[in-house]
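> Given next are the chains, with one letter for each unit.
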Amino acid sequence: AQSVSQHNHHVILSEAASLELGCNYSYGGTVNLFWYVQYPGQHLQLLLKYFSGDPLVKGIKGFEAEFIKSKFSFNLRKPSVQWSDTAEYFCALDNTDKLIFGTGTRLQVFP
Amino acid sequence: NAGVTQTPKFQVLKTGQSMTLQCAQDMNHEYMSWYRQDPGMGLRLIHYSVGAGITDQGEVPNGYNVSRSTTEDFPLRLLSAAPSQTSVYFCASSLDRHGYTFGSGTRLTVV
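Read top to bottom, the protein sequences are chains A and B.
Position one of the first sequence corresponds to residue 1 (the working numbering), numbered consecutively onward.
Position one of the second sequence corresponds to residue 1 (the working numbering), numbered consecutively onward.
Mixed in with the good hints, there may be bad ones.
[What the hints assert, rightly or not] FRET-style restraints, in silico, Cβ to Cβ:
hint, chain 1, residue 1, chain 2, residue 2, range
1, B, Asp-38, A, Pro-79, 18 to 26 Å
2, B, Asp-38, A, Ser-52, 27 to 35 Å
3, A, Tyr-39, B, Glu-59, 46 to 54 Å
4, A, Trp-83, B, Met-27, 29 to 37 Å
5, B, Val-12, A, Trp-83, 30 to 38 Å
6, B, Glu-59, A, Gly-28, 18 to 26 Å
[Claimed, not checked] Coverage of chain A stretches by chain B, computed from C-beta distances (three or more under 8 Å per stretch; other residues unrestricted):
hint, stretch
7, 11 to 20
8, 101 to 111
[Claimed, not checked] To spell it out: a stretch of chain B is covered by chain A in this simulated footprint if at least three of its residues, at any positions, have a beta carbon under 8 Å from a beta carbon of chain A; those stretches are:
hint, stretch
9, 32 to 46
10, 87 to 97
Bear in mind the hints are in silico, worked out from the structure with no lab data behind them.
It should be emphasised that the depicted structure is a prediction, and the values quoted were computed from it without experimental measurement.
Here a beta-carbon is modelled for each residue, glycine too, at the ideal position from N, C-alpha and C.
Please take these sequences and the hints and turn them into a complete structure.
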């Protein structure tokens with residue numbers, strides 16, 4: 001069965017620091033991969049997605065992610081975080097009609 | 001175009017009571033899903049649907065029923081509420097699985 005793992009449960013950074021959140025998935029076939037963000041008290045919003053083609057995908061708000069098939073990974077990056085990036089981040093995998101989420105990473109950014 | 005609308009936003013139930021969480025979308029999306037979000041566990045799939053008349057179970061279906069009589073609506077029924085069902089519930093929809101739109105959530109407390 002497919003699954004998604006996010007090993008960083010809680011990340012604390014200062015503004016302007018670089019960010020990398022890990023995401024690994026378990027599935028041997030073709031997958032669609034997503035990163036969603038949930039700001040405090042809000043619903044999930046799509047940051048970026050990968051289906052095929054260029055393994056480096058760019059999303060909104062300066063985020064990007066790199067799909068590495070050999071490592072079954074889809075890590076999220078941002079060169080310089082802002083206080084407004086404080087949120088929970090979810091990696092997700094879509095296969096056979098359903099979207100499966102990781103457990104999420106809570107990011108806190110301090111000024 | 002209202003997106004995905006969930007009602008109610010908050011609900012308190014007594015153990016053993018039943019209720020229906022409503023989810024409606026006006027985007028003509030075929031794919032709809034229900035998730036529950038619990039601290040440290042991410043979003044777990046309860047039930048999903050790939051079109052009117054078609055539903056299937058997700059990771060945590062026990063205690064919940066769904067039906068999809070129209071493309072627009074995908075209600076989630078709690079048959080006999082239990083404290084373990086205290087959670088935040090999100091409904092999501094997608095046209096083609098290239099991105100899901102989420103509702104604003106229902107916060108349910110079972111006492």
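> Could you run down the list of hints and mark each one as holding or not?
Okay, the hints, checked on the actual structure:
{"no.": "1", "hint": "Asp-38/B / Pro-79/A: 18 to 26 Å", "verdict": "32 Å, violated"}
{"no.": "2", "hint": "Asp-38/B / Ser-52/A: 27 to 35 Å", "verdict": "33 Å, holds"}
{"no.": "3", "hint": "Tyr-39/A / Glu-59/B: 46 to 54 Å", "verdict": "25 Å, violated"}
{"no.": "4", "hint": "Trp-83/A / Met-27/B: 29 to 37 Å", "verdict": "33 Å, holds"}
{"no.": "5", "hint": "Val-12/B / Trp-83/A: 30 to 38 Å", "verdict": "34 Å, holds"}
{"no.": "6", "hint": "Glu-59/B / Gly-28/A: 18 to 26 Å", "verdict": "20 Å, holds"}
{"no.": "7", "hint": "11 to 20", "verdict": "violated (count 0)"}
{"no.": "8", "hint": "101 to 111", "verdict": "holds (count 4)"}
{"no.": "9", "hint": "32 to 46", "verdict": "holds (count 8)"}
{"no.": "10", "hint": "87 to 97", "verdict": "holds (count 4)"}
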